[in-house]
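Asks: Next come the chains, spelled out residue by residue.
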Amino acid sequence: MHIDYSQEAPAVAGRLTLSQIEELVARPLDTKPDRKYFIALSISGSLLLLGAICLGISFYYGIGLWGNNQPVGWAVPIVNFVFWVGIGHAGTLISAILFLLRQKWRTGIARFAEAMTIFAVICAGIFPVIHTGRPWLAGYLLPYPNQHSLWVNFTSPLLWDVFAVSTYFTVSLVFWYIGLIPDFATLRDRTTSKVKKTIYSIFSLGWRHSSRHWQHYEKAYMLLAGFATPLVLSVHTIVSFDFAVSILPGWHTTIFPPYFVAGAIFSGFAMVVTVLVFVRKIFNLENIITLDHLEKMNKVILATGMMVGYAYGMEFFIAWYSGVQAEQFVFINRAFGPYAWAYWIMVSCNVIFPQLFWFRKFRRSIPVMFVIVILVNVGMWFERFVITVTSLHRDFLPSSWGYYKPTFFDMGILLGSFGLFFTLVILFTKSLPVVSISEVKAVADGAQPTHRGGHHE
Amino acid sequence: MNKNLYGFAALFKTPDEIIEAAKKTAEAGYQKYDIHSPYPVHGIDRAMKLKASKLGFITLVFGLTGSAIALLLMYWTMSVDYPMIIGGKPFFALPAFVPITFELTVLLATLATVIGMITFFFRFPENDHPLHDTEYMKKVSCDHYGLVIEAKDKLFNETKVRELLNSLRPLSIEEIYYPEKETYPVLETKFVTFLILIALLTSGVTYFALNKLLYMQPFTWMMDQPKLNPQKQSTLFADGYGMRAPVKGTVARGFLPYPFTGQNAPTDVLLNPYLPTKENLQLGEQKYLTFCSPCHGNFGDGDSRLRGQFPNPPSLHSTRAREFSDGMIYHIITNGQNVMPSYASQITREERWAIVNYIRVLQRAKNAKSSDLQVVNKETGTNASN
Chain A
73 MHIDYSQEAP AVAGRLTLSQ IEELVARPLD TKPDRKYFIA LSISGSLLLL GAICLGISFY
133 YGIGLWGNNQ PVGWAVPIVN FVFWVGIGHA GTLISAILFL LRQKWRTGIA RFAEAMTIFA
193 VICAGIFPVI HTGRPWLAGY LLPYPNQHSL WVNFTSPLLW DVFAVSTYFT VSLVFWYIGL
253 IPDFATLRDR TTSKVKKTIY SIFSLGWRHS SRHWQHYEKA YMLLAGFATP LVLSVHTIVS
313 FDFAVSILPG WHTTIFPPYF VAGAIFSGFA MVVTVLVFVR KIFNLENIIT LDHLEKMNKV
373 ILATGMMVGY AYGMEFFIAW YSGVQAEQFV FINRAFGPYA WAYWIMVSCN VIFPQLFWFR
433 KFRRSIPVMF VIVILVNVGM WFERFVITVT SLHRDFLPSS WGYYKPTFFD MGILLGSFGL
493 FFTLVILFTK SLPVVSISEV KAVADGAQPT HRGGHHE
Chain B
-15 MNKNLYGFAA LFKTPDEIIE AAKKTAEAGY QKYDIHSPYP VHGIDRAMKL KASKLGFITL
45 VFGLTGSAIA LLLMYWTMSV DYPMIIGGKP FFALPAFVPI TFELTVLLAT LATVIGMITF
105 FFRFPENDHP LHDTEYMKKV SCDHYGLVIE AKDKLFNETK VRELLNSLRP LSIEEIYYPE
165 KETYPVLETK FVTFLILIAL LTSGVTYFAL NKLLYMQPFT WMMDQPKLNP QKQSTLFADG
225 YGMRAPVKGT VARGFLPYPF TGQNAPTDVL LNPYLPTKEN LQLGEQKYLT FCSPCHGNFG
285 DGDSRLRGQF PNPPSLHSTR AREFSDGMIY HIITNGQNVM PSYASQITRE ERWAIVNYIR
345 VLQRAKNAKS SDLQVVNKET GTNASN
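Which chain is which? The protein sequence lines are A and B, in order.
First residue of the first sequence: 73, per our numbering; consecutive thereafter.
First residue of the second sequence: -15, per our numbering; consecutive thereafter.
I should point out that these hints are in silico values taken from the structure, not numbers from a laboratory.
Yeah, the Cβ is synthetic: ideal placement off N, Cα and C, and Gly gets one too.
Take these hints with a grain of salt, some might be off.
[Stated by the list, open to error] Example chain B residues on the side facing chain A (calculated, C-beta under 7 Å, incomplete): (1) 3; (2) 70; (3) 327.
Extracted from the complex, chain B is given alone in its bound form (with noise of 0.2 Å):
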């Protein structure tokens, strides 16, 4: 059998013959050694001239990152993607970015020390290693302390190297020898199927969580509640109706009696109470657009927008309609005329008055006398008749 020579290993009793033997072994221009002990004895860096570790610099750089993260993430989503105003702070309020910022940056730097060290550092996992299940690790490991000088070694010569360590007087010295390839089941039908079942287990998992225990209770987004919604049944009520009817002669908020009815015009009762002020013509302008203005038109000729499908309305510059009192149009959107609905429900009373000052600025603008004209050339200080 052809053994490949990973290096000689000696092991000592008392952690002051292993000083001596790692200031040896150093001195003795050796590079590839280790000492190997149960735990870290003191000194022992200095006597195998290490150098300092150069973790903290992972740990600075990776620390730094997780404040910078932070900061930026909170910066962007708190002051550019969503900005919003919570208990009067500033949208970049830094106090309050302080915790955060600090538990990112400890998170960042322990996780990149730990993971920088085992990986980069330490170059684990490593169970195949060659000293792996020796009676030197297996010794090491519990009370004593180990040298081992590697056959990589440059100065790597085997009468030399054992000489030196006789010189230390060591309890045993061992030959170490790297283990013969290893093969890796990882294509064994066993495996294999393991694999295949892990993945179909998965699978019918993810399908089963996603498509039924969502729809199950509770978990259904408290689309199932106890409550009664409109138009459901319920047998706690005689008649087995959800919905239930106000108590006869409820009023309700805002509620005002409306006697009129049919055509007769209750002019000289209903009297406008609103002065035709800018506000007030904006506003009439505004729901005469969305409620009036698709049968009679944007400025009330009557050229309906619904194509025939709802009988034209008359013009309301005809002279019928501009001799209309206020109170009558009023009664015509309350009430509707003939086919035109009434309006009461989707109009509230003050807006149907602005309504009626809008028409009538309709009406005057569309019956425009030559006098009017003097009046915007003095308001806008131009000739118009030019």
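Isolated chain A, as found in the complex (with noise of 0.2 Å):
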């Protein structure tokens, strides 16, 4: 097959003219919810309240009925926050990073890949509050004065994440939010019911498409994606800092905070993936969402996987050049210890799988991508999993070691969590535009001046 690599695939394909594109978007939103619709609300709102109902029943007998102990005292909780977080750096990344690149093609998936960064965030956030059973004192993690005249350790990295994850929150809503206006208005213009005009009128804000706006919030759409950059980049450091300053072998390591970051895009970009399948088939956004950017995405997967599979590799080097027995004894256990299949399913998942990604064709390919994507989620939940328990539960005394189980409980917190995140997904499918409506058209073919007569430097 020839194919021109000189000239770059058009952003949206089909020849959309803008009115088009917008009818395309817009269509979720004007039409009333289908069958399908209800179905798939129906199984995620059920683990919802699976999770809900297990959380419910944790916080009324106290966190015994979940596995963790001694040894191992950080388990499914805090790797199920990791998996969170890390996922919702592909929004971030693709909002901010490839804006910043002047990549186009980012245009058609950015809102959507941003609310799951919202949502996924969320959902991360639940197992920080609740981990110590008692969700509503969590404000004693902010710095406050109060008559104990105490403070928190600001020395502390899991005071680190309190922050850095309150910030990632707010500025991924604050950026989502901002992009979202121009387009709350072009719908609060061309909707016809009177309820819903009110809606989008008070989120829009008045909006009316200046030029002299425009200047001002393009100005700011870079400045946050400028600071959305390093902030990406510095949350997971500081989610791999919970481990890395810590002085545990398994956990004391200076490639973690890179390693976490590449690792995170890699979750991050599979659960997009994920899901955009679905979302542009049922929606019939195949043109704004072309193949060509799944491929571009499938692409960012097998880079980054490559990087946490290098990770994998010079954990076990240095464990061996430092010379330090314990770490190899940490290492050895991981890989061929009473965890090993969990290690193994890792490996698999995250490092070899996705080389199927090197062939144009299974990187083309729905399905193929659909199961690797899957197999890349199984795969990075494991990661998390063998890092915090493999690291604890043979400790430096052999007559505490351990076999960590998850129980019902940990695992229904768990699926309720997904039930939550698919929750979020499907009500933002029939509620807010998944596609940027004034970004796409901005890169729609003959949307720009051709400057015919002028110049353009």
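Dock chain to chain to rebuild the complex, using the hints, since each chain is given by itself in its own frame.
Replies: Written out as structure tokens, the structure is:
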């Protein structure tokens, strides 16, 4: 097959006009949800309910219902936390980093990815708050003047997390909302329903597509992208500090920050592809979220997967090269000890299967990519499991070694977080434009001036 | 109907036309005009001769404020208000403060940029702008490009503006008017009732949460725990007592039997194992003042502070008391004597001997001989007899 690499593929396929783009994106908002929608919603809602019940019971009877106990004091709750924060990172990467890199193809997927960031961070935020079993006391995490005249410990990575995750959530939300303002205005001007119009008017703040506003708007968007980029790197760096700043063999490694960031992008892209495969089909957005976009995402998955694989290898190398016996023991135990099954699930899902993406045919095949990204999601959950549990379960005192098993409640809460995530995603697809209307219009064919007669530097 | 003109609006179909229109309008010297497009059109700023956005200054100022707040807060709490050594780090551990400084910088900078842009640069929310709900707005919201010249402009002249717009060959020209004054139905009974209902609901929920909910399981601050408290009943044991007696023959840690009772002075057996060193005497003084002085007085004179509520003890400086062996005094502390109770449970063995040593010091001080004075003089280098 002959491909012309000198010509960039159009960001919007099918030569859609501006009003067709708008029509396509806004259609799910104008039509009534069908049966399939309710079936999907009821499945995710049931999972959410299961999680809520498990949580309620855990709060009432105490977190002794969970599997974590000496020597594995940190287990599934933090695994889930890191997993979900990681999922979130793809959104910011797509919306901020690819924006700064002037990647036009990001426009079709940015809105959705940003929404997934927000939902994923909500899911992640649950775990630190619940893991004490007393979520209503979470206010103590914030530094405020109090009658004990005590302050939080600003040198603790766990407190850095509080600041990093809450900043990340706020900034992502603001960034997302800023992107939505022009779309709210467009929806306001096309809707015929009075209620909807009121809602859209409120959220559009009275936006009127003025060029004098667009000028500041673009500036703000760029500034925000500029902040979100180091922010997203800092968040997973700080999450990795939760482990790396401790002095436990298996956690105390300097490679953690870049390794975690790569893993986060890896898992996040996998999750975005997982969801987009359905969304583009169900809402007929194949021309806006094209196969080219998916292929590009698969390339990112391949690249970050290799980085993660490199980190796996490097950890073993350093364990050997450092000559620290405890470190060596942890890694040999990781790959060949009681949790070897989890380790090899992780390696095969994250490093081996994504290698199929070297082939263009597989990168562009929806079924193949769907299977691979699901495996990557599984693998990345296991990565966090392996890091957390295998480093703890055989500590320095062989008499206290143990084998950690998550309980029904642990798993129920994990499923509940998936339920929450997909419920939010499903509600989102029907209540907000899943693709940024104004951004896609801007990259459509013929949307920008040709500057005939003029000059454009 | 007297309508108030806002301006003239012209619609265009292509981005090239709108760039052209913007250029021409700017060249004609108009100030109060605007271009509307469904997305930012490249090069429109230059065509309109707009100055670069000053938004970045807000970002800079608030970003730096964020860093300063973070650093000052951490410095003050960790080094001034409640200094505490954590992980061997200095009180002002700059590397450990970097993450939070960064996060607060980003947080403040983004929030300020966005809020500043919306309120200060855009003056939003503004849903009552005359352009809203016009045909023109509907078009530029979707796939048209529009130019509006406001009637407020100094150069505004209906015929001239029409001429200019016509020369640009637009799709259509629309006259936009200010909306008639809207009334705000804030004081309607419906709205007021709504407010009152909300107020009632909020107070109800707050009352319930603070006075009831907080005392229910599991919000009880761990007040209720599945464990046995002293004096509580228990169904676990046959006798129904929660508290258990130790197994027969249990010996407490450090227990030594003390076989002597009553007046039987075990003088020859009980020998003082501690020398009157400085530390020992200080300990003795401290314990004496705590346990003995209320009755025996600070110097052992028997000048009780109990004001007759308890029989005054005899002086410890009597010949009788001075002739007591160390073991006898130890025995009196351990066992009590007549109305004086036993102090065995409050004072450890070592402390008891230290008190004995201290009483010896008191006794010696109250019965000093003139030869003692010479020793003191020698040691202090003065002549006390002067």
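Asks: Looking at the structure, which of the earlier hints fail to hold?
Replies: Result: hint 3 breaks, nothing else.
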